[in-house]
Amino acid sequence: MALDRWIALVLLGICLAYGYAAWFTMDGNLAPFMKRNPIWPSTFPKVLSILGIIACSIILLGFEKAEAKEADIDYRRLGDYHLGQALMLLALMVVYALCLRPMGFLVSTSTFLIIGAYILGERKWHIMLPVSLIATIVVWYLVQQVLGIYMRPLPGFLGG
Amino acid sequence: MLEGLLIGLQTAFSVQNLLMVIGGCLIGTFIGMLPGLGPMSIIAIMIPVAISMGDPSAALILLAGVYYGAIFGGSTSSILLNAPGVAGTVASSFDGYPMAQQGKAGKALTIAAIASFAGGTIGAILLMVFAPALSSVALLFHSAEYFALMVVGLSAIAAFAGTGQVAKAMIMTVLGLIMATVGEGALFNLPRFTMGIMDLQSGFGFITLAMAMFALPEALFLVLKPKDLKGDDGEIKDLRITGAEARAIAPVIGRQSLQGFFIGVLPGAGATIASFLGYAVERNIAPKEEQEEFGKGSIKGLAAPETANNAACTGSFVPLLTLGIPGSGTTAILLGALIALNVTPGPRLMIDEPQIFWAVIMSMFIGNLVLLILNLPLIPYIAKVLAVPRNYLIPFILFFTLMGAYIGQNNATELLLLVGFGICATALKFADYPLAPLLIGFILGGMMEDNFARSMQLYDGIGFIWQRPMTLGLLVIAAILVVLPSYRARRAKYRAGGVAEGD
Numbered sequence: 001m002a003l004d005r006w007i008a009l010v011l012l013g014i015c016l017a018y019g020y021a022a023w024f025t026m027d028g029n030l031a032p033f034m035k036r037n038p039i040w041p042s043t044f045p046k047v048l049s050i051l052g053i054i055a056c057s058i059i060l061l062g063f064e065k066a067e068a069k070e071a072d073i074d075y076r077r078l079g080d081y082h083l084g085q086a087l088m089l090l091a092l093m094v095v096y097a098l099c100l101r102p103m104g105f106l107v108s109t110s111t112f113l114i115i116g117a118y119i120l121g122e123r124k125w126h127i128m129l130p131v132s133l134i135a136t137i138v139v140w141y142l143v144q145q146v147l148g149i150y151m152r153p154l155p156g157f158l159g160g
Numbered sequence: 001m002l003e004g005l006l007i008g009l010q011t012a013f014s015v016q017n018l019l020m021v022i023g024g025c026l027i028g029t030f031i032g033m034l035p036g037l038g039p040m041s042i043i044a045i046m047i048p049v050a051i052s053m054g055d056p057s058a059a060l061i062l063l064a065g066v067y068y069g070a071i072f073g074g075s076t077s078s079i080l081l082n083a084p085g086v087a088g089t090v091a092s093s094f095d096g097y098p099m100a101q102q103g104k105a106g107k108a109l110t111i112a113a114i115a116s117f118a119g120g121t122i123g124a125i126l127l128m129v130f131a132p133a134l135s136s137v138a139l140l141f142h143s144a145e146y147f148a149l150m151v152v153g154l155s156a157i158a159a160f161a162g163t164g165q166v167a168k169a170m171i172m173t174v175l176g177l178i179m180a181t182v183g184e185g186a187l188f189n190l191p192r193f194t195m196g197i198m199d200l201q202s203g204f205g206f207i208t209l210a211m212a213m214f215a216l217p218e219a220l221f222l223v224l225k226p227k228d229l230k231g232d233d234g235e236i237k238d239l240r241i242t243g244a245e246a247r248a249i250a251p252v253i254g255r256q257s258l259q260g261f262f263i264g265v266l267p268g269a270g271a272t273i274a275s276f277l278g279y280a281v282e283r284n285i286a287p288k289e290e291q292e293e294f295g296k297g298s299i300k301g302l303a304a305p306e307t308a309n310n311a312a313c314t315g316s317f318v319p320l321l322t323l324g325i326p327g328s329g330t331t332a333i334l335l336g337a338l339i340a341l342n343v344t345p346g347p348r349l350m351i352d353e354p355q356i357f358w359a360v361i362m363s364m365f366i367g368n369l370v371l372l373i374l375n376l377p378l379i380p381y382i383a384k385v386l387a388v389p390r391n392y393l394i395p396f397i398l399f400f401t402l403m404g405a406y407i408g409q410n411n412a413t414e415l416l417l418l419v420g421f422g423i424c425a426t427a428l429k430f431a432d433y434p435l436a437p438l439l440i441g442f443i444l445g446g447m448m449e450d451n452f453a454r455s456m457q458l459y460d461g462i463g464f465i466w467q468r469p470m471t472l473g474l475l476v477i478a479a480i481l482v483v484l485p486s487y488r489a490r491r492a493k494y495r496a497g498g499v500a501e502g503d
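Protein chains in written order, with the working numbering: chain A, 1 to 160; chain B, 1 to 503.
So that you can see chain A by itself, here it is in the shape it has in the complex (with noise of 0.2 angstroms):
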């Protein structure tokens, strides 16, 4: 099975569970004035529902056939690519949304973007450091003092 039926068949379960809980979750506790009311919070997401089943069932039974096509990338040869770089990014991005607010956003940010570029095998130290530095300074100052979106920018125990 092709990977856009195996995705199929993963968003069939949603729309099912999704179903579910808009069909028999979801009225039982409507307060009475509700239900007088021609449509409830669930009608809208009850339609949905089905539609979202038809459109998956259609994919999934193949009565839709899409021609093969030169794809950008073939997923069947992931490990031809740069795989590791690309998920040591992600789990980077991950780590920063954690320590985003703990770390404040003036350490968090140039560590982001000095480990991101180490990542893509940047080893201009000179280089690298200055441009994060300045560059962190730079938004922070442009997001704090120009559009007053508070963000915190040294680490809580040095009273930032």
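By construction, these hints were calculated from the structure, which means they are not laboratory data.
A few of these clues could be false.
[Claimed, not checked] Chain A is faced by these chain B residues, among others (derived, beta-carbon under 7 angstroms):
1) 141
2) 177
3) 393
4) 415
Glycine residues also receive a C-beta, built at the ideal position from the N, C-alpha and C atoms.
Given the coordinates of chain A, work out where chain B should sit on it, guided by the hints.
Okay, now just chain B, sitting in the frame of chain A:
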């Protein structure tokens, strides 16, 4: 009208107001370029500045300048980075980004600037002429028709996805609609499908989803398979467009200015639908050999959405200025600013305070001119973004996607959602699922359900579909749009099969 024009000129050409237009356009362009900051957030941020000025015409002129600038800035980031920061410029990246990849970034930006200028200027002329008349057209549309119109829009997107892709585009659209139902609905404000997670109470962020669908998979593809970014010597060649190209895009610009403007007038439609519909229409009416070009760097495919979204931005001022009804999120924010300045937009605005109405129209012309003058010489510098080495560019793209999602919601959970959705979107991209329908479904989902709910309540049931002929007609068109491509594909297949057997 002539008198009005003169009043407008007098107001708009004061030194203060001219500075407002230029300043607004500059701020809008530069912030709009950052993926993730759309016109809505920029205008919201500028509101305190505008209100503190105290002069309603100056405030509205400044905010309108920011609006135009942001739309233009958004298209530069769609073209150069494939990271649209604004929903209305998503369609510009379909052909703009392939052009940039082929080393024609300069030409793409020039076309975008000219198309935006033409769309905005023609839109402003139309606004001037039609504003009073159009208000009555918009009044004919009730929520039932809006609902039907959105169904037509969504099925058109699925139908124009190409052969063998209709079901996939439909799944993606429905998935987008499903995602839009997460969070507190308009109906009774009940939290739905949040699975008890507090952070989902307000639903998924639009910017988060946009970043995850477009910018993140693109960045991951760049990491997986490094390709040569053409023009990395920083030299942007052939900035000029040739006479033949100008002749090719001129009719597109003409058609899309009109179409975009009229779509923009309809509340709820706005720049996003105008750009997608403009793209789809131009692709369908183009000759066969040019149709192949769409999606691979067609100049028509770039000019169409660029013209349409600027014309629609102008069009969306019509319901605001003549009826006092905001047609989009951005004009809703403008309405809030006007009320804070003690001006009530509505049918009386043109009579009671003509200088505001006409000054805004005049400043639209000036704003478009400023954008053109400012952007054409700046294009080589803007396009320098491509000259940044890959090792630096990719961490910065990732950082800007994270920042855009974070600024929008100020919530670190949003960043984890971004990464999660980004991975899903990459998998979908591997399997050749179109991603744009998901985002459009998501944007329209909320509005669609609101209008559906309102018409259900007005007609006490589903009866509005056959009681309102216009609604029924629009829904029939939607059904035909979905069924027709698969029917035609099937017939073509049978016919081809028959020929093969006969051989």
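Structure-based check of each hint:
Look at residue 141 of chain B: its Cβ only gets to about 20 angstroms from chain A, farther than 7 angstroms, so that hint breaks. With a least beta-carbon distance of about 5 angstroms to chain A, the hint placing residue 177 of chain B at the interface is held under the 7 angstroms criterion. Interface restraint check: residue 393 of chain B against chain A, minimum CB-CB distance 9 angstroms, threshold 7 angstroms, status violated. The closest approach between the C-beta of residue 415 of chain B and any C-beta of chain A is roughly 3 angstroms, which is under the 7 angstroms cut-off, so the hint is satisfied.
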